[in-house]
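> Fit chain B to the given chain L structure using the hints.
These are the residues of each chain, in order.
2 protein chains.
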Amino acid sequence: MSSSSTAPPVKPPMRDALVTAAFRLFLERGYEQTTVDDIVALAGVGRRSFFRYFPSKEDVVFPDHEGCLADMTAFLAASGPECEPVARVCDAARLVLRMYAENPTFSVQRYRLTKRVPGLRAYELSVVWRYERALAEYLRDRYAGRPDGTLRADVVAAAVVAAHNNALRSWLRSDGEGDAAATVDHALGYVRAAFGGPAAGPAADGAPAALFGGPVEHPDDVVVLVSRRDAPLWRVVQEIETAFGRA
Amino acid sequence: MSSSSTAPPVKPPMRDALVTAAFRLFLERGYEQTTVDDIVALAGVGRRSFFRYFPSKEDVVFPDHEGCLADMTAFLAASGPECEPVARVCDAARLVLRMYAENPTFSVQRYRLTKRVPGLRAYELSVVWRYERALAEYLRDRYAGRPDGTLRADVVAAAVVAAHNNALRSWLRSDGEGDAAATVDHALGYVRAAFGGPAAGPAADGAPAALFGGPVEHPDDVVVLVSRRDAPLWRVVQEIETAFGRA
Numbered sequence: 000m001s002s003s004s005t006a007p008p009v010k011p012p013m014r015d016a017l018v019t020a021a022f023r024l025f026l027e028r029g030y031e032q033t034t035v036d037d038i039v040a041l042a043g044v045g046r047r048s049f050f051r052y053f054p055s056k057e058d059v060v061f062p063d064h065e066g067c068l069a070d071m072t073a074f075l076a077a078s079g080p081e082c083e084p085v086a087r088v089c090d091a092a093r094l095v096l097r098m099y100a101e102n103p104t105f106s107v108q109r110y111r112l113t114k115r116v117p118g119l120r121a122y123e124l125s126v127v128w129r130y131e132r133a134l135a136e137y138l139r140d141r142y143a144g145r146p147d148g149t150l151r152a153d154v155v156a157a158a159v160v161a162a163h164n165n166a167l168r169s170w171l172r173s174d175g176e177g178d179a180a181a182t183v184d185h186a187l188g189y190v191r192a193a194f195g196g197p198a199a200g201p202a203a204d205g206a207p208a209a210l211f212g213g214p215v216e217h218p219d220d221v222v223v224l225v226s227r228r229d230a231p232l233w234r235v236v237q238e239i240e241t242a243f244g245r246a
Numbered sequence: 000m001s002s003s004s005t006a007p008p009v010k011p012p013m014r015d016a017l018v019t020a021a022f023r024l025f026l027e028r029g030y031e032q033t034t035v036d037d038i039v040a041l042a043g044v045g046r047r048s049f050f051r052y053f054p055s056k057e058d059v060v061f062p063d064h065e066g067c068l069a070d071m072t073a074f075l076a077a078s079g080p081e082c083e084p085v086a087r088v089c090d091a092a093r094l095v096l097r098m099y100a101e102n103p104t105f106s107v108q109r110y111r112l113t114k115r116v117p118g119l120r121a122y123e124l125s126v127v128w129r130y131e132r133a134l135a136e137y138l139r140d141r142y143a144g145r146p147d148g149t150l151r152a153d154v155v156a157a158a159v160v161a162a163h164n165n166a167l168r169s170w171l172r173s174d175g176e177g178d179a180a181a182t183v184d185h186a187l188g189y190v191r192a193a194f195g196g197p198a199a200g201p202a203a204d205g206a207p208a209a210l211f212g213g214p215v216e217h218p219d220d221v222v223v224l225v226s227r228r229d230a231p232l233w234r235v236v237q238e239i240e241t242a243f244g245r246a
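Here the protein sequences line up with chains L and B, keeping their order.
Under numbering that gives the first Met the number 0, the first residue of the first sequence is numbered 0, with each subsequent residue one higher.
Under numbering that gives the first Met the number 0, the first residue of the second sequence is numbered 0, with each subsequent residue one higher.
By construction, these hints were calculated from the structure, which means they are not laboratory data.
Everything numeric in this text was worked out from a predicted model, so none of it was measured.
Check each hint, because a few of them may be wrong.
A short, non-exhaustive set of chain B residues, derived as facing chain L with CB atoms under 10 angstroms [to be verified]:
id: 1; residue: Val44
id: 2; residue: Ser48
id: 3; residue: Tyr122
id: 4; residue: Ser125
id: 5; residue: Val127
id: 6; residue: Ala135
id: 7; residue: Asp153
id: 8; residue: Ala156
id: 9; residue: Ala193
The C-beta atom is built at its ideal place from N, Cα and C for all residues, glycine as well.
Only chain L is shown next, with the shape it has when bound in the complex (with noise of 0.2 angstroms):
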């Protein structure tokens, strides 16, 4: 036998019991209901271990987001010029849907229990809001100089945490079924679409993103098809074909 399979099992730490131990309560008896001082003695640990490691009994329902925003924070901090923009905070919008879709059981009852309970509705909020001022912030120097830097920087922000949001919410709605990860990136590459810079590049996940619209920087890259409307579609799709050069 080898050492480790002797070992006993590595004990959950602290931190986690107490999580487990809050939700275990809120669940059973509802948030409002549940103490600290209930907390602690079913994870079996005293008070001052609780403050330790959370403000408030509010943090406890979201154990993971300060290490996430602290991840978010330094994922864009490593970013070169190289980067482009849009699709950089749109992968680090991603590292907030992996640390939900990591525990979707825990994720959908956080879900449930924050949509009953106002003051964690405005926590969430506030935590939301965080997460959008670190992609603004990161946006705004990446912008800087460019006319309407700052606007194009917190637009783009809010507009990715929407999508990202929309389809977080969408994939906790049906309780954590289904491909979280694909629902996402279809929902920033509709953003990408709108404002991003070309679809290829070094974070380019093949996403259809970058397709329509958005400000253009080499026109040269851009097909422009005018046609009426009662035109039949074959043959809008014919001169689609011959435009981008692939009939």
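Just chain B now, with coordinates in the frame of chain L:
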């Protein structure tokens, strides 16, 4: 002398008196150091009068948002199908700007207060969220049945709110100097360029032509498609089918 000049000046309503008293104290002593008792004493009314108008001390900081939300909801509900949806939510956002711009001194004071008090920041986030939801609900209704209707609605609503707030904050930071409406118009114009129909004109009708930008003379008859040349062909055809209403 006319009767109007002899009439006693109209006494400001009690609600306004409470707001005025509250802000005088917030500025003199600070928000946390001011109690509801202090406010009612200065305004010369009882506690019950305060709570008749404001559920909490926080609410007196934002006395006009409930009314503005109601105005916005009514404005959107009164929209006919001829309204281009993105233009309409931009106009709805201008109602918020108008509320701020009507009283620059008060708006700037509140901006500074809100920046200093975390609890007020959280309150403001929840107000902003409610505006965003009002816009998104309208757009979801207008985009019902369209591919990605709720996604588009949520993203456009978030983008409009972000653009509005970017412009509003830059005006507030300048102490309410400058043309707030022009600043907001410019910011909203950026969002319409990304998502909207024709940039100007009452003829905007949400025709699919407008999907892809590009002002069009006769939107009913013509479809304009702008695409990157490297777009996958299947995606282009899909968009064409949608634009022609034949998917």
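> Next step is simple, just say for each hint if it's right about the structure.
Consistency of the hints with the structure:
1. Val44: With a closest approach of 29 angstroms, the valine 44 (chain B) hint is violated.
2. Ser48: violated (26 angstroms)
3. Tyr122: Nearest chain L Cβ about 8 angstroms off; hint holds.
4. Ser125: For serine 125 (chain B), the interface hint holds, since the closest Cβ of chain L sits about 6 angstroms away, which is under 10 angstroms.
5. Val127: holds (9 angstroms)
6. Ala135: Constraint on alanine 135 (chain B) satisfied, holds at 8 angstroms.
7. Asp153: Holds: closest Cβ of chain L sits about 4 angstroms from aspartate 153 (chain B), inside 10 angstroms.
8. Ala156: holds (7 angstroms)
9. Ala193: holds (5 angstroms)
Of the numbered hints listed earlier, those contradicted by the structure are 1 and 2.
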